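Student: Reconstruct the complex from the two isolated chains, following the hints.
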Amino acid sequence: MSYQRMWKTPKSGGRSASDESAESYYGVPPIHKPHWKWLIIAYFYLGGISGLSYVIAELAEVTGDATNRVITRAGRYVSLGTLLPCPVLLILDLGRPERFLNMLRIVKLRSPMSVGTWVLVIFSGFCTRSVVAQAARDELWNRFKCAPHGIKAIQSRWMGVAGVPFGFLLGGYTGVLLAATAVPLWTKNALLMGPLFLASAASNATASITLVLCLSKAPHRALVRLERLEMCSLVVELGLLALNRRQLGQTIGRPLREGSTGRLYRFGVQGTGIAAPLMLTVAPMLAGMRPSRWRLALSSLLTLSGGFMFRYVMVIAGHRSADDPQATFELARRGSQESTGSVTDVNVHPVAPS
Amino acid sequence: MPAAVPHGFYTDTTVCIGCKACEVACKQWNQLPASKGGAPQLSGQSYDNTLRLSGTDWRHVKFIEDFKTEDRSGGRWMMMSDVCKHCVKAGCLEVCPTGAIIRTEFDTVVIQSDVCNGCRACIAACPFGVIDINPANSVAMKCTLCYDRMKLDMTPACAQACPTASIQYGPIDELRDRAQKRVATLQAQGETRAQLYGADTSILGGLNSFYLLVDKPEVYGLPANPELPSRNLAASNAFSAIGAAVMGVIGLVSFRKRRMDRFAQQGNNE
Numbered sequence: 014m015s016y017q018r019m020w021k022t023p024k025s026g027g028r029s030a031s032d033e034s035a036e037s038y039y040g041v042p043p044i045h046k047p048h049w050k051w052l053i054i055a056y057f058y059l060g061g062i063s064g065l066s067y068v069i070a071e072l073a074e075v076t077g078d079a080t081n082r083v084i085t086r087a088g089r090y091v092s093l094g095t096l097l098p099c100p101v102l103l104i105l106d107l108g109r110p111e112r113f114l115n116m117l118r119i120v121k122l123r124s125p126m127s128v129g130t131w132v133l134v135i136f137s138g139f140c141t142r143s144v145v146a147q148a149a150r151d152e153l154w155n156r157f158k159c160a161p162h163g164i165k166a167i168q169s170r171w172m173g174v175a176g177v178p179f180g181f182l183l184g185g186y187t188g189v190l191l192a193a194t195a196v197p198l199w200t201k202n203a204l205l206m207g208p209l210f211l212a213s214a215a216s217n218a219t220a221s222i223t224l225v226l227c228l229s230k231a232p233h234r235a236l237v238r239l240e241r242l243e244m245c246s247l248v249v250e251l252g253l254l255a256l257n258r259r260q261l262g263q264t265i266g267r268p269l270r271e272g273s274t275g276r277l278y279r280f281g282v283q284g285t286g287i288a289a290p291l292m293l294t295v296a297p298m299l300a301g302m303r304p305s306r307w308r309l310a311l312s313s314l315l316t317l318s319g320g321f322m323f324r325y326v327m328v329i330a331g332h333r334s335a336d337d338p339q340a341t342f343e344l345a346r347r348g349s350q351e352s353t354g355s356v357t358d359v360n361v362h363p364v365a366p367s
Numbered sequence: 005m006p007a008a009v010p011h012g013f014y015t016d017t018t019v020c021i022g023c024k025a026c027e028v029a030c031k032q033w034n035q036l037p038a039s040k041g042g043a044p045q046l047s048g049q050s051y052d053n054t055l056r057l058s059g060t061d062w063r064h065v066k067f068i069e070d071f072k073t074e075d076r077s078g079g080r081w082m083m084m085s086d087v088c089k090h091c092v093k094a095g096c097l098e099v100c101p102t103g104a105i106i107r108t109e110f111d112t113v114v115i116q117s118d119v120c121n122g123c124r125a126c127i128a129a130c131p132f133g134v135i136d137i138n139p140a141n142s143v144a145m146k147c148t149l150c151y152d153r154m155k156l157d158m159t160p161a162c163a164q165a166c167p168t169a170s171i172q173y174g175p176i177d178e179l180r181d182r183a184q185k186r187v188a189t190l191q192a193q194g195e196t197r198a199q200l201y202g203a204d205t206s207i208l209g210g211l212n213s214f215y216l217l218v219d220k221p222e223v224y225g226l227p228a229n230p231e232l233p234s235r236n237l238a239a240s241n242a243f244s245a246i247g248a249a250v251m252g253v254i255g256l257v258s259f260r261k262r263r264m265d266r267f268a269q270q271g272n273n274e
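From first to last, the protein sequence lines are chains W and B.
Heads up: the first sequence begins at 14 in the working numbering, then just goes up one per residue.
Heads up: the second sequence begins at 5 in the working numbering, then just goes up one per residue.
Looking at chain B on its own, in the form it has when it is part of the complex (with noise of 0.2 Å):
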């Protein structure tokens, strides 16, 4: 049993080279059914035929092709390999409504498959496009961070199955140092677009699944910033008493007697 520190992923994309070891290493320990019954599908998106993070897919590689200038000279390749952020603010497991996510010993964010009955908020509630059903138990899924392998002091599979350290598993204090000096380094060799997403806590608290990134998060497909689904939510609860408090005005109003018996009787009058 490792201690009990928030552990995570630190994923530098200028390494990956997108092999999808992860991937295929994610779905093999998860035993996550392929989809389409494991039909041969191509997207027709670069070499990405996974396409998006699903209940059935916890980690999808992205490949960016970025070759946007006329003479392509400062074109380039971008691989990067998604998956949960398990941020500390969550915003799927402030809107459960059974409990079934839970935050564990590791400061990871985990579902439990056996509570969950498939209401979907969470699913609506993640700015990242993590949680989906999955079709083979129809309830809400996405990555443990393979919580099962942590308890064990096991590296979770898809880090474990990375063959260029793009993908590292660790205590978030030290992942984090490991990272800053990443950047030093790249800055260093001229790659100023260089930066880190989620690594600090201006991105909902912090990620404990953050990213090198050598561009905006856009091109990724990452929010700038994403926030709190519920951030709103006394305000928006306050905006709503005060209509709920104006209806039940306007209501006793037009129940009272007199005005409206008048105008009722004017018109039986006609």
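Just chain W, with the same shape it has in the complex (with noise of 0.2 Å):
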């Protein structure tokens, strides 16, 4: 049976394994891709959204009035709501499950996993007790005639913002995980890819927070308030992406300029989920009007598709990158002054078809 090449798209296909094994050994990718999945995109996603929606319902919180507790209110819910699963995604990903428990052996600051587990094991404590908080608040305990005791004690507002470093952590650490592998689409740009998380994170979880807002008839103050987020880490989005695409240059970013993942990441992540959203709350902004509810609970949800899309593209690109002989050629290039200029007449370029 022969290799199965998972590189081919319209512009590439037709080659035979000749030309292939005059670029690299019969293009057999060089590194291994790690087939993180479902399970890792869908931890990604929700994993961003638990974190930022705890971090703006803790600014809210502390910047406080009225208006902002709704939004306090409905970013504690939505984070612990994102935050159940988490756990379960990464157990079931691991191929030995019932071994999760040798995660929490060592502190390995060097290691990105072992810092992102600890991340959400002390994430898990912050975020339980904002919703204990928020329940006592919500007179909750009362109903179900169950008040903790010492529920005085955790309601500091303090207590909230000391775990706002934590719920960054947990956006933005997936960016860097990814970013600390050999995988060329990956790690060639290896700073933006934190920010890159980050803003995509607190777009989805702004989105998730104006949805429920929407939905449960908040105040329409509060909606605008969030709206403005929404669109700062948009813009700021798309801002890193044209750069990060821009960065990695021809070989190493033709898994998002061509095939599958290239389509859906101009027309899914570019156009879905940032550029529709935008447009349809700048629109009547423009035109002095303030955008209806209908048409933010509708941008909100076309951030939140375009934010799985855009976790989606960039594990799937990766694998591809990988998968790519020419890129980890490339990448490892990169730097090597002295054996730069002797490694350039291998064919590097496609054979011309004669």
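Worth flagging that the hints you see were computed from the coordinates, not collected in a lab.
Predicted model only: the values in this text are computed from it and were never measured.
Keep in mind that the hints are not guaranteed to be accurate.
[What the hints assert, rightly or not] These stretches of chain W come out as covered by chain B in the derived footprint (C-beta under 8 Å, 3 or more residues):
no., region
1, 45 to 57
2, 88 to 95
3, 106 to 112
4, 116 to 124
5, 238 to 247
6, 270 to 282
[To be verified] Computed list of lysine-lysine pairs in BS3-like fashion (alpha-carbon distance at most 30 Å, straight line):
no., chain 1, residue 1, chain 2, residue 2
7, B, 24, B, 185
8, B, 155, B, 24
9, W, 50, B, 40
10, B, 155, W, 121
11, B, 24, B, 72
12, B, 93, W, 50
[Unchecked claim] Derived, one-sided and incomplete: chain B residues facing chain W with beta-carbon distance under 7 Å:
no., residue
13, 8
14, 128
15, 139
16, 229
Built from N, CA and C at the ideal position, the CB exists for glycine as well.
Tutor: Written out as structure tokens, the structure reads:
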């Protein structure tokens, strides 16, 4: 059985094995891709929403007035709701799920996954505190007749603020984790990956809170505050995406331009996920009107779908770049001054069809 | 018990005959299962039916057919037995969140398969594509440089089986001396392309399993100058922190009362 070549696009298809052997070892990828699939993509998505929802909720709490309290309330519940599936997704993804506790054997700052595990553990504590405090404020405990002891002790707003760094970490470490690999598409722009995932998590978290508030008939003032935040993070995200793609270059950035991931990146991530929500909300604002509740809900839905597609595209495009020997070789040529001159005359460019 | 000094492999590809005895010996000693239940599989790529290192193939002989010139006058076969490089600065070891990957007293890198939980961080971190999941036990596995044999002062199975001494095992300093002499001999005989890959500290602090090649590394499917995957970790974290700080400020500003409320007020008046 021959090696199944995953790298097939309309532009590069139809190349024979001898073409590929001229440029690499029979087109066999020199590195392994990490096989992270749906569970991890879903975790990246939910973890980002959870972390940044928490951040938004606690920032709103600190600046607190009645309007912000509405945001705080929704943000805290959204944060817990999206956090709950995260550990399950991560554990299910392990080759040996029953050994998940081995992650807690050590603390290793050089390992983004170890850092992420501990961030998740600590953040869970902060998130639970926030929700317990919120439930007390909403008088939910009275309804269940089980007011927890010492509820007063954890109601300080500064305890919520103390968890904000962990919320940011949960939203951004996933980008750093992908950057600290040998996969060309992820590691080429190692510096951009963290901010990119953070910005996307911020827009998704804002969108999910907006959506909840839209559906629960919250005052419009709260929605407008969130809307401005969502637009800011979408614009930042768009800028970072453009910068990222430009810096990737021809070979390494290929999965973001060609094939199914390229299409999804253009129309899904950039079009549906960023451009469309921006248009939906900016257009009425330019006309001097406030965007209607349904318009905001729709733009939030689009942002949320774009956030999921962003993570899907980044993971799958990473797999494709790992499967492309030329991308790996180009990455390894970077910064090697003495060897650059000697390897450029290897048949780097595809053999021209005769 | 041999002296606890860095040990490794020196693979001289010029004398490899592609017999695959190393692959077989490795599979036998480490009790690695055959892929696809042992059904014959032909890749169609030269004599190479393994194609790459994996969780069940810890040694892999590459067959490079170099017949690029028109008249085939310079044509040649190159065989190379590939294995884990046991990097001095090992990316896999750095990213492992469970501490399953350890550095031994012989400066080799070993995955403790009873600790690994199959998170696959190391698979993505390895710049040589060595590590993969072994489907038999669902944990990441790779060459251990026969750690169990080393502790008893035995030669690793592949080096023991190699009939042409293409794979040589020993203290790394000794191997480097031997390899440099071999390169000098080859150069003197007219093979000017002879070069060592990973014998000095330029690649990931040095590879404890290094190679004598007679072409550029990329011809053998080896990256020219791979770097540590976590080299940008500090800068990456700093950028993320700056991003987080900016977002925090934007958040605080948008939750401020005055301007936003005036804006909303405008909307309500319509």
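Student: All hints are to be evaluated individually against the structure, with a verdict given for each.
Tutor: Hints, one by one, checked against the model:
no. : hint           : verdict
1   : 45 to 57       : holds (count 5)
2   : 88 to 95       : violated (count 0)
3   : 106 to 112     : holds (count 6)
4   : 116 to 124     : holds (count 6)
5   : 238 to 247     : holds (count 6)
6   : 270 to 282     : violated (count 0)
7   : B:24 to B:185  : holds, 26 Å
8   : B:155 to B:24  : holds, 25 Å
9   : W:50 to B:40   : holds, 23 Å
10  : B:155 to W:121 : holds, 28 Å
11  : B:24 to B:72   : holds, 25 Å
12  : B:93 to W:50   : holds, 28 Å
13  : 8              : violated, 23 Å
14  : 128            : holds, 4 Å
15  : 139            : violated, 9 Å
16  : 229            : holds, 3 Å
The earlier numbered hints that this structure contradicts are 2, 6, 13 and 15.
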